[in-house]
Amino acid sequence: MYDSVKDILKDLPRFHNELLELNEILLANLIMIGEIPAPTFEEEQRIEFLKNRFAESGLLSTSSDETGNALGILHGEKGDRNILVVAHTDTVFPATVDHTLSIQIDRVTGPSVGDNSLGCAVLATLPKIIEALKLPIYSNLIFMGSSRSLGRGNLEGLRFFLSNFKDPIVAGLCIEGVELGRLSYTSLGMLRGEITCQVPEAYDWTRFGAVGAIVTLNEVINKILEIPLPRRPRTTIVLGAIHGGTSFNTIATHASLRFEIRSEAEGMAKNIGVEIEDIVASVSSHTGAEIKVEKIAERRPGGIPFNHPLAKNARAILNELNIKPRISPSTSELSAFIDKNIPALTVGITNGEHLNEQNEAVKIEPISIGIAQLLGLLLIIDRGFNGEH
Amino acid sequence: MGNINKWLKTNTFHHSSFSDVASIVEEKQKQKLKVSLCIPTLNEEATIGKEIIILKSELMNLQPLLDEIVVIDSGSEDNTTEIAASFGADVYLSKDILPELGEKKGKGENLWKAIYQLEGDIIVYIDADIKNIHPRFVYGLVAPLIFNPTIKYVKAFYDRPLAFSQGIRPSGGGRVTEILIRPLFSLFFPELTAIIQPLSGEYAVRREVLEKIPFPIGYGVETSHLIDVFSLYGLEAFAQTDLDKRVHRNQDTRSLGKMAFRILQTFLFRMGRVGIIDKIPKMTNILRQFQAHDNYFEEVLFEINEEERPPMLKVPQYRKKRKLPQRKKSTEK
Chain A
1 MYDSVKDILK DLPRFHNELL ELNEILLANL IMIGEIPAPT FEEEQRIEFL KNRFAESGLL
61 STSSDETGNA LGILHGEKGD RNILVVAHTD TVFPATVDHT LSIQIDRVTG PSVGDNSLGC
121 AVLATLPKII EALKLPIYSN LIFMGSSRSL GRGNLEGLRF FLSNFKDPIV AGLCIEGVEL
181 GRLSYTSLGM LRGEITCQVP EAYDWTRFGA VGAIVTLNEV INKILEIPLP RRPRTTIVLG
241 AIHGGTSFNT IATHASLRFE IRSEAEGMAK NIGVEIEDIV ASVSSHTGAE IKVEKIAERR
301 PGGIPFNHPL AKNARAILNE LNIKPRISPS TSELSAFIDK NIPALTVGIT NGEHLNEQNE
361 AVKIEPISIG IAQLLGLLLI IDRGFNGEH
Chain B
1 MGNINKWLKT NTFHHSSFSD VASIVEEKQK QKLKVSLCIP TLNEEATIGK EIIILKSELM
61 NLQPLLDEIV VIDSGSEDNT TEIAASFGAD VYLSKDILPE LGEKKGKGEN LWKAIYQLEG
121 DIIVYIDADI KNIHPRFVYG LVAPLIFNPT IKYVKAFYDR PLAFSQGIRP SGGGRVTEIL
181 IRPLFSLFFP ELTAIIQPLS GEYAVRREVL EKIPFPIGYG VETSHLIDVF SLYGLEAFAQ
241 TDLDKRVHRN QDTRSLGKMA FRILQTFLFR MGRVGIIDKI PKMTNILRQF QAHDNYFEEV
301 LFEINEEERP PMLKVPQYRK KRKLPQRKKS TEK
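Order-wise, the sequence lines are chains A and B.
Numbering follows our numbering, with no gaps: position 221 of the first sequence is 221.
Numbering follows our numbering, with no gaps: position 72 of the second sequence is 72.
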């Protein structure tokens, strides 16, 4: 059984059919997980739920570590290699948002349902799926709901595990709820930061240029937009969020800007980061405002090449399931694997809409295709068809 | 009433005591019991799919506590029945069950027809509008029946304080319960005041009880059940389980008024049937409410004397002041 990639591809339709039977368990897990709020650094309840599910499915060593990851191990028939399957548990929504999910015939709707409650639900159900489909797995599968992944979390949970787990990991699979067909095996170089501009309360408003924090921050933004960016390697600066001021008629004493620099080139994001620091120092010196740049997260670019067997076989699986692969670099969990030189892939499970909005929704029907894809990839890595041998 | 406090200690549970569902299933199988879930619906498309998915997956597929999940619909105009069927519930239109007996609109009608349609020795009823559905809503109600043969009727209540600095906090039901039911029960059926939320729509009952009692077709059904089961078996037949928090739609005051009206109709009808409507007994002046003391519940008694004053015209001092002729003594009664 499964002596070649072809054998695995041939079995994908069976996976898909049998997975339809398991949809109820998956959707029940999705609802139960999705209704537990889990803003970054406050994922404990989700982690607890995942650990319970792992234990109920018979995984061994179910535990959480000191950064709060949920872990469980399914020992393989040979058990000589370790594959890490990970889904991030944190979401962008604060606990104060109503996390009620609603389910219709074709979709599930509610905050964080796609990013990444569905990924967590797949992770929670995967041991049962492997058991129900009677898949002979040789390697140890380490299931991990990772904590502190997004924003200021900066992949802390996954990085901690990869730095402290004693045995080698041969490959990583990162599960994201959406979008089915997405395939990421490279990471962009990235630098994420926040600029804060503070004008002292006792500011002398009579002096020339006394315009407050917003206008000063605007000057910083204008100068950032003047930074020349190369078309190749592709590089962008995203200005993601801006906050400042309190009312119509009070000059703002505080303003902040969140930004992210992304680039395919090694060192490029870092160099632009230095330029932004220079801009901030210059504006600060002539306005008298206190302006600071805080670096929040950083990734270096890397990954496996297009023709790497893992990448090639991943595309073959999607083609076999009639899904058009959408290959794009990622700045998510993948980067932590890349930093440790571990080949890894990020895959999506289904189609969704309104991502990261309160009416976020995922389609139910494609989920079984997304999981069939995941099982195919697991088997490819498990049997060493990912270029190790 | 010592009886109430004793009952509160022995027959009031918290769902967490029954979280080992496997052991409930084992005992259920040993007793060869069948358990059916009935969800009465009318335009509940927002929540019905979720209830069925969670309960079917957790309590049929993973742990076979439920033998069937049945939706009995009063004629929804939205997608309630389609959604329920697509997620694997058996769906019936209320009018198609016992059609020769005619069709009446109301939740109680669906609950009554469930006894005919469903197979279970135990029937669990849950409302379809629970937003935070969880398996505890079923196992928390079924478990006391399975583990204790003397219990026949298990009612849900919901009590989850977020934070309380002192050990004691008020507990009880919603507006209609506290304003209408509890005062009525305090006056006429004081033992029934022990049921902390008499109007909750979630309960599990043995078939042998359900088939013996009449069913008002509307909102009066819960109140009538309590009075009838109490009359047949006494307080010992009841238990209640704290299911923590229930999130659902809030009803506006006008709807609550209609609910109260139906409940009063049912209540007074029963008073008539037990022969006390024409000869109202000497009324007690004790109102029974509840408080939770850390983890246990206790009743709080309030002595309320609603005394009456006579019309001012009957007060001699008043007549004197207003220079009115004094009434003869015999007419002042």
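Please note: incorrect hints may appear among the correct ones.
What the hints assert, rightly or not - Not everything, but these chain A residues come out facing chain B in the computed CB check (under 7 Å):
# : residue
1 : Ile25
2 : Ala28
3 : Ile31
4 : Ser102
5 : Ile105
6 : Leu150
Don't read these hints as lab results, they were simulated from the structure.
Note that the structure is predicted; figures quoted are calculated from it, not measured.
All residues carry an ideal CB built from backbone N, CA and C; glycine is no exception.
Cross-check of the supplied hints:
no., hint, in the structure
1, Ile25, "5 Å, holds"
2, Ala28, "3 Å, holds"
3, Ile31, "6 Å, holds"
4, Ser102, "5 Å, holds"
5, Ile105, "5 Å, holds"
6, Leu150, "25 Å, violated"
Checked against the numbered hints above, the structure breaks only hint 6 and satisfies the rest.
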